[in-house]
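Enquirer: So you can see what is in the structure, the chains are spelled out below.
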Amino acid sequence: MTAALRFDPIRLPPECEVLRQEVRAFLADEIAAGTFDPHKPQREDSDAPEFSRRVGERGWLGMTWPKQYGGHERSFLERYVVTEEMRVANAPTRRFFVADRQSGPVLLKYAPEHIKMDILPRICRGEVCFSIGMSEPNSGSDLFAAKTKATKTDGGWLINGSKIWTTSAHIADYMIAIFRTSPSTKENRRHGLTQFLVNMKKPGITVNPIAQITGQYEFNEVVFTDHFVPDDHMLGELDGAWKQATSELAYERSGPERFLETYYVLTELVRAVGPKPDTRSAEGIGRLVAQLHTMRRMSVSVAGMLQAGREPVVEASIVKDIGTIWEQQLPHRVRELAAFVDADASNHATLDEQLAFAIKTAPKLTIQGGTTEVLRGIIARGLGLR
Amino acid sequence: MLAGWLLAQAHLASPEGMMTVAPASPKDRITLNADGTLTGRARGVPFAIDAKHIAVVATGIGGVSIALVDAGACRIEAGLNLANDPSNTVTFDKVQPIAIKSAPSGFGQNSLMLMGALARSLQIAGAMETMLDLSVRYSGERVAFEKKISKFQAVQHNLAKLAGETSAALAAASSAADALSNSTSFDDAIFLEAASAKIRCSEAAEKGAAIAHQVFGAIGFTQEHILHRYTLRALAWRDDFGSESYWAVELGKLVASRGADELWPLVASR
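So the sequences go chain by chain: A and B. The first sequence finishes on residue 388 if you use this note's numbering, and the numbering steps up by one all the way, no holes. The second sequence finishes on residue 397 if you use this note's numbering, and the numbering steps up by one all the way, no holes.
There could be a bad hint or two in this list.
What the hints assert, rightly or not - No farther apart than 30 Å at their CA atoms in a straight line, the calculated lysine-lysine pairs in the DSSO-like style are these:
| id | chain 1 | residue 1 | chain 2 | residue 2 |
| --- | --- | --- | --- | --- |
| 1 | A | Lys278 | A | Lys42 |
| 2 | B | Lys154 | B | Lys221 |
| 3 | B | Lys274 | A | Lys188 |
| 4 | B | Lys274 | B | Lys221 |
| 5 | A | Lys188 | B | Lys278 |
| 6 | B | Lys179 | B | Lys228 |
| 7 | A | Lys69 | A | Lys149 |
| 8 | B | Lys380 | A | Lys278 |
| 9 | B | Lys275 | A | Lys42 |
| 10 | B | Lys154 | A | Lys362 |
| 11 | A | Lys204 | A | Lys118 |
| 12 | A | Lys366 | B | Lys278 |
| 13 | A | Lys366 | A | Lys149 |
| 14 | B | Lys275 | A | Lys188 |
| 15 | B | Lys334 | A | Lys245 |
| 16 | B | Lys278 | A | Lys245 |
| 17 | B | Lys154 | A | Lys278 |
| 18 | B | Lys334 | A | Lys366 |
Unchecked claim - Chain A regions said to be covered by chain B (calculated; three or more residues, Cβ under 8 Å):
| id | stretch |
| --- | --- |
| 19 | 9-18 |
| 20 | 58-65 |
| 21 | 178-192 |
| 22 | 288-298 |
In case anyone wonders, no lab produced these hints; they're calculated from the structure. We put the beta carbon where it would ideally sit given N, CA and C, even for glycine.
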């Protein structure tokens, strides 16, 4: 075989089921207390600092990290369960999600000890929000065209330039960003970028809001003017960020958040259709459920392989490729089926509202965190075509 | 294999020689008459014309039975599926079975359909692995416009999509196989696994076969080329033991009857 794709039929262990019930009970309490409304994914209260702290108190942040940094040394599969239950409930996870999924693991790997001891326990307590500084006004998918410069100065680096489409920059305490520390070389155009930890509360940073077509406000332009980053905030190898970026991708690309972002419209459709669907509705729902189930089995499989210490980069890219396309199409398929819903269905208005929001959300799903085109390039490389 | 499994459900021994199973379509019924004979018609029975025996699920007044029948006692019409493999209509006209026993409780014709659907899903997934392998290899050999076609981004992206569909088929089929081999009953969770596998693998077969043929161009459309042995079989297997649209309706009905708030617990049950 030229391409050995692997999707082991992994089952979640029994401790996951116990945890799942705990998360569901916690979320039910939060819903009852009015923290969020699971039927309103378009809510404006998605920055919920108190909710974030309560999730931390339950031990559901930094779940897989070492205890010395405030972590809980649990498995990726347990973290998986927490993530999927939060996503399905439309819980307000924005404040902690990036730090827990991505920034914390980067710090664990590359930050000096005193920074790990300072920041990681605070992530685990749900106290800090992270953003990721990758895209720039003229470099999005082409990450290695980044121009924002870090210039060596006494005791650190001066940052000048700007990042864009930076989710949560307006509420973030920190950013993990890549900046240009040297020009790229002829042999390696990916050379010359370095990863840094940026304290967003220090001077020299302006955050400009950018409104989105959904009516939400999530992303920003971040302008750096002689912003100072101390030497010990450099993460990993000087000029070598490109080596660091790729190995993290499997964690970022295969999680349940990569196919559940518009899931709520499917639940709402099933509610609207009622217990005795017509044939067309039944077929439509059946296909969507089969596709959802398959996506989830693929995603759990990758989580299990990560837990076993493998790096299924191609499989993870495949999960994000077909998962995001699925969640992008989902509201459109549900919209087609919604035409057959009885006029007196009690949740008609909720379904319509959710569909309008999901259809407007859909275009971004195949762009954020690696576009479809970039992912297919990675898959093609994995197949030996590049 | 499926026939042997079916007979074993009722502790019937498998005879020597080739066997097949009936019915092979969820809409067909074989009735157990009061006099112990079988009546009914089963369409699309794989390799019935070559089989010595047929393992049958029959329904009578007393419930569901599993029977072993001499193929020679049935009327078997010639017929071929998309891939030119025998796929026959078998008519049971008061056929006396060689052996017959009651099915275990909870076992129905649907159980055979789910197991057959799973078997076909696994076969589709296997065929797709080969389609992907053949297509990737050929794209590295074939030169057009002075380049290997594997170097064209459009071809790369098509092959990445084929890899995605192959992955979906593999994941769905192996998950369902694992679920069934660790379960003693055909409950809702097993239904979700097996029906989803057949739906998703059939969808993958359609998309995947189209891409594989596109990569090969005209040569893959010839009788002498190996490609159609995989593409046409994968497409043909979609129809056996319930097509994807049949199972989608059944799965949709199940989901609707359980209610909206029970959908996620069902999907996340394992």
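Enquirer: Confirm or reject each hint.
Expert: To see whether the hints hold, each was checked on the structure:
no., hint, in the structure
1, Lys278(A) / Lys42(A), "26 Å, holds"
2, Lys154(B) / Lys221(B), "20 Å, holds"
3, Lys274(B) / Lys188(A), "24 Å, holds"
4, Lys274(B) / Lys221(B), "65 Å, violated"
5, Lys188(A) / Lys278(B), "22 Å, holds"
6, Lys179(B) / Lys228(B), "20 Å, holds"
7, Lys69(A) / Lys149(A), "38 Å, violated"
8, Lys380(B) / Lys278(A), "7 Å, holds"
9, Lys275(B) / Lys42(A), "51 Å, violated"
10, Lys154(B) / Lys362(A), "42 Å, violated"
11, Lys204(A) / Lys118(A), "19 Å, holds"
12, Lys366(A) / Lys278(B), "28 Å, holds"
13, Lys366(A) / Lys149(A), "24 Å, holds"
14, Lys275(B) / Lys188(A), "25 Å, holds"
15, Lys334(B) / Lys245(A), "35 Å, violated"
16, Lys278(B) / Lys245(A), "24 Å, holds"
17, Lys154(B) / Lys278(A), "20 Å, holds"
18, Lys334(B) / Lys366(A), "24 Å, holds"
19, 9-18, "holds (count 5)"
20, 58-65, "violated (count 0)"
21, 178-192, "violated (count 0)"
22, 288-298, "holds (count 10)"
Violated hints, in rising order: 4, 7, 9, 10, 15, 20 and 21; the structure is consistent with all others.
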